[in-house]
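In our numbering, each residue carries its 1-based index in the sequence shown increased by 4.
Calculated from the structure, these hints are not laboratory results. Any given hint could turn out to be false.
What follows is a list of derived Cβ distance ranges for each label pair [as the list claims (entries may be wrong)]:
(1) G63 / H13: 26 to 32 Å
(2) G34 / Q108: 21 to 27 Å
(3) G77 / D127: 30 to 36 Å
(4) H32 / G77: 17 to 23 Å
(5) I47 / L122: 19 to 25 Å
(6) A72 / E97: 16 to 22 Å
(7) T11 / Q108: 27 to 33 Å
(8) D14 / A65: 35 to 41 Å
(9) Q108 / M5: 30 to 36 Å
Computed from a predicted structure; not experimentally measured. C-beta: ideal position from N, C-alpha, C; glycine also.
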Amino acid sequence: MTPYTITVHDELPAVVTAILAEFNMRDHYGEYDVALRNVLESIAEPLYLITDARNVNLGFADLVQGLADAAAGNEAITRHRMIRQILVVTANELINLGAKSLHQDQYGGQTVIVVRTLEDALDHIRAETTVY
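Given the sequences, and given the hints that come with them, work out the whole structure.
Here it is as structure tokens:
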């Protein structure tokens, strides 16, 4: 079993990824990146990327490695053309710091929304996509 899940939401323009406790940045990020890219390349319209990181156990070195892997270079997943906005679900202050670091120029200048629950992330997308 992979230490992550990637699911296209049934009703909202969103891909929901869940990073499980067994996830190890060095061992698993490469396959996660490929799997996520495959999903993003299969869709027709840009959507929201929700990363549920509530169960992640990362140290500071893992966080720095993860930021470099996800946001470095022209091919960075955080700048994929099919990602409209990134939302991170976490109550962990270190992961919160990492998510907010993506706003810095060296990580691509991405604005990331950090929420505490998956439902909060889905509510944000509902509010953003509701047409009045």
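Taking the beta carbons of G34 and Q108, is their distance inside 21 to 27 Å? 24 Å, holds
Is the distance from the Cβ of A72 to the Cβ of E97 consistent with 16 to 22 Å? Since A72 and E97 have Cβ atoms about 20 Å apart, the given range 16 to 22 Å holds.
D14 versus A65 beta-carbon gap, inside 35 to 41 Å or not: This hint holds: roughly 37 Å between Cβ atoms.
Starting from the range 30 to 36 Å, see whether the pair G77 and D127 falls in it by beta-carbon distance. 33 Å, holds
Verdict for Q108, M5 (Cβ pair) under range 30 to 36 Å: 34 Å, holds
Range first: 19 to 25 Å. Now tell me if the beta carbons of I47 and L122 are that far apart. Since the Cβ atoms of I47 and L122 sit about 20 Å apart, the hinted range of 19 to 25 Å holds.
Satisfaction of the hinted span 17 to 23 Å by the C-beta atoms belonging to H32 and G77: Hint holds: Cβ distance 19 Å, inside 17 to 23 Å.
When you take the CB atoms of T11 and Q108, is the distance between them in 27 to 33 Å? Hint holds: Cβ distance 29 Å, inside 27 to 33 Å.
A range of 26 to 32 Å was offered for this pair. Does it hold for the Cβ distance of G63 and H13? 31 Å, holds
Every hint from the earlier list agrees with this structure, and none is contradicted.
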